[in-house]
Amino acid sequence: MPQEEAIVKLIYLTAAVLFIFGLKGLTHPRTAVRGNFLAALGMLLAIVVTLLDNRIVSFQIIVAGFVVGGLIGVIMAYRSPMTSIPQVVAVFNGFGGGASALAVGAAYMEALKGEWIEEITIQFTASVAMAGIIGAVAFTGSAIAFAKLQRLLTERPVLLPGRHVINIVLLLLCLGLGVWQVVDPSGSFPFWAMIGVASLLGIMLVIPIGGADMPVVISLLNAYSGLAAAGHGWVLNNSVLIIAGSLVGAAGFILTALMCKAMNRSLANVIFAGVGAVVATETEEEDIYAGRVKSASAEEVAILLSDARRVVIAPGYGLAVAQAQYAIQDLMLLLESRDVEVDFAIHPVAGRMPGHMNVLLAEANIPYEQLKELDRINPTFRQTDVVLVIGANDVVNPLAREADPSIPIAGMPILNVDEARSVVVIKRSLSPGFAGIANPLFAADNALMLFGDAKEVAMDLTAAIKET
Amino acid sequence: METFVPALTIFILALFVGFEIITKVPPLLHTPLMSGANAISGITLVGTLITSGARLTPVTEILGFLAVAMATANVVGGFLVTHRMLAMFHRKD
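Chains as they are written, first to last, in our numbering: chain W, 10 to 477; chain C, 609 to 701.
Hints are supplied without guarantee of correctness; some may be wrong.
As the list claims (entries may be wrong) - Cross-link-like lysine to aspartate or glutamate pairs, in silico, DMTMM-like; alpha carbons within 20 Å at most:
id	chain 1	residue 1	chain 2	residue 2
1	C	Lys632	W	Glu382
2	C	Lys700	W	Glu378
3	W	Lys122	C	Glu669
4	C	Lys700	W	Glu428
5	C	Lys632	W	Glu378
6	W	Lys303	W	Glu428
7	C	Lys632	W	Asp384
8	C	Lys700	W	Asp348
As the list claims (entries may be wrong) - Partner residues are not named here, just some residues of chain C that face chain W (Cβ under 7 Å, in silico):
id	residue
9	Val613
10	Thr617
11	Gly626
12	Ile658
13	Thr659
14	Ser660
15	Gly661
16	Pro666
17	Val683
18	Val689
19	Phe697
20	Lys700
Keep in mind that the hints were calculated from the coordinates and are not lab data. From the three backbone atoms N, C-alpha and C, an ideal C-beta is built for every residue, glycine too.
With these hints in hand, go ahead and build the complete structure from the sequences.
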């Protein structure tokens with residue numbers, strides 16, 4: 010190996026080590042900012058050393074790409090509100106997958122002309138096919154996820170007739186074209202046909218998935234874009250791409266598995282079952298709620314809160330939709346000034362991506378020690394005087410404890426808010442959550458409904474407590 | 609074959625390292641983890657640079673430009689938005 014090549018490879022190794030240290034930094038909020046910085050430094054190193062590569066003879070396209078892409082990145086990163094983070098991650102993820110697919114396409118076309126590599130090997134064509142398929146699926150899948158999260162498309166599952174058959178046909182077609190491209194690398198038609206079919210497959214795979222299942226989809230697409238990058242590394246025989254791609258693939262798959270576990274559903278069920286397409290019938294709701302739901306005013310709840318020693322707030326995505334984070338922070342500060350202990354109960358799927366709710370509350374200056382995950386908060390509900398459930402529904406539904414398989418959320422770990430002395434549910438109406446089933450918590454003996462918009466109710470509560 | 613086995617070795621070992629580290633990330637930071645990991649997957653930019661800087665036909669030139677632009681947006685935007693989020697997490701004073 011010539012000396013220059015060895016130096017380039019050692020710098021790539023340094024970049025890979027920085028990525029690992031960077032991810033390690035993310036294991037604690039105190040070291041996380043530095044971790045992200047180390048990973049960015051690793052990226053910068055890898056890019057700079059690549060630009061010195063003597064295979065690069067023209068810089069015009071690269072500079073143009075840097076300027077356009079850099080501007081898009083900066084604007085999206087700084088202009089997006091925290092409620093839109095899932096969309097932003099979906100877009101960046103789609104970009105990464107799309108870039109891998111197009112770049113291996115370009116590499117393949119150059120190789121066909123006999124320019125760019127000495128010999129077209131099976132490893133080369135197979136990696137091109139792999140990065141192409143996964144990259145294209147990640148690109149269009151992320152685009153659909155973005156459109157759903159941004160409400161450009163309905164958040165409810167779109168169930169096409171015969172969609173399983175269509176998907177299998179598309180997948181086989183895709184693999185068939187891939188094999189053709191691997192065994193007969195003489196023209197670029199099979200590659201681009203394969204990209205086209207894979208793009209269609211990406212759309213078909215995400216369209217039947219509902220809004221509340223987005224944490225799983227985003228995690229999975231993230232894993233795909235990692236694998237596409239690793240595949241791209243095989244094409245170029247470049248170790249830093251392989252290492253970074255597999256780290257990201259691992260992150261994506263772990264989060265996918267955690268999100269499925271948090272809903273007690275299999276990945277196949279999330280992706281194929283179209284959960285959320287049916288809504289509870291009126292009669293079921295009447296059976297459960299009939300005459301048993303107690304409604305309270307803000308003043309009554311204010312008295313409950315003033316007398317409490319420990320209050321837990323269980324937020325759901327409805328809190329973010331109502332933009333109630335800052336109003337909740339005011340309420341928390343007021344309660345704390347009266348020596349009430351306040352904690353937040355964060356269910357893993359409370360937002361639209363894993364951990365989303367933590368970011369939304371951190372933005373509203375709520376200290377991270379008070380953001381407690383399921384395992385840490387559940388044992389404390391028995392010692393809690395009041396739980397405020399704000400904009401959450403399925404994640405506090407006691408029906409999840411039933412073993413009845415007809416209940417879509419059966420077996421899902423929930424926040425055991427009903428174990429507290431009193432539960433106040435702040436909600437606009439008794440309408441069902443994403444799972445489309447009634448919630449017996451609303452009719453429980455220790456539960457009160459406080460109807461209204463989360464932000465207005467939080468402000469009313471703060472005002473009412475100040476008067477007591 | 610001579611490059612296939614070393615590449616596979618690196619791939620598998622890196623997967624294990626990834627699993628070990630990432631299972632230690634608390635749920636509190638799962639969103640920044642995802643956007644940070646996503647920015648790292650923009651490493652595909654390195655690959656796009658090598659391809660698009662070569663002597664190119666007009667078609668691969670356009671592909672190269674799109675790939676560099678998308679990967680750059682992924683890298684720059686990904687690290688910045690992760691930083692913006694992480695800067696919000698603070699302790700009780």
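Verification of the supplied hints:
Distance hint between lysine 632/C and glutamate 382/W is fulfilled; the C-alpha atoms sit about 14 Å from each other, no more than 20 Å. At most 20 Å may separate the alpha-carbon atoms for a hinted pair to count; lysine 700/C and glutamate 378/W meet this at roughly 7 Å. Distance check on the hinted pair: lysine 122/W and glutamate 669/C sit about 14 Å apart at the alpha-carbon level, within 20 Å; holds. Between lysine 700/C and glutamate 428/W the CA atoms are separated by roughly 28 Å; this puts the pair beyond 20 Å, and the hint is violated.
Taking the CA atoms of lysine 632/C and glutamate 378/W, the gap is about 17 Å. The hint holds against a cut of 20 Å. This hinted pair checks out: lysine 303/W and glutamate 428/W have alpha carbons roughly 18 Å apart, not beyond 20 Å. For the hint pairing lysine 632/C with aspartate 384/W, the CA-to-CA distance comes to about 15 Å; that is within 20 Å, so the pair holds. A C-alpha spacing of about 15 Å is found between lysine 700/C and aspartate 348/W, which places the hinted pair at or below 20 Å, so the restraint holds.
Against a cut-off of 7 Å between C-beta atoms, the interface hint on valine 613/C is violated, since the closest Cβ of chain W lies about 10 Å away. Given the 7 Å rule on beta carbons, the hint for threonine 617/C is violated: about 10 Å separates it from the nearest Cβ of chain W. Proximity of glycine 626/C to chain W holds as hinted, the smallest CB-CB distance being about 3 Å (cut-off 7 Å). Interface restraint check: isoleucine 658/C against chain W, minimum CB-CB distance 6 Å, threshold 7 Å, status holds.
Given hint, threonine 659/C at the interface with chain W, holds; its Cβ is 5 Å from that chain's nearest Cβ, closer than 7 Å. A cut of 7 Å between beta carbons decides the hint on serine 660/C: the least distance to chain W is about 5 Å, and the hint holds. Given the 7 Å rule on beta carbons, the hint for glycine 661/C holds: about 3 Å separates it from the nearest Cβ of chain W. Hint on proline 666/C is violated. Least Cβ distance to chain W is approximately 11 Å, over the 7 Å limit.
Against a cut-off of 7 Å between C-beta atoms, the interface hint on valine 683/C holds, since the closest Cβ of chain W lies about 6 Å away. The beta carbon of valine 689/C comes within 4 Å of a beta carbon in chain W, closer than 7 Å, and the hint placing it at the interface holds. Restraint check, phenylalanine 697/C versus chain W: the minimum CB separation of about 5 Å is within 7 Å; hint holds. Checking lysine 700/C against chain W: minimum C-beta separation of about 4 Å stays under 7 Å; hint holds.
When each numbered hint is compared with the structure, violations occur for hints 4, 9, 10 and 16.
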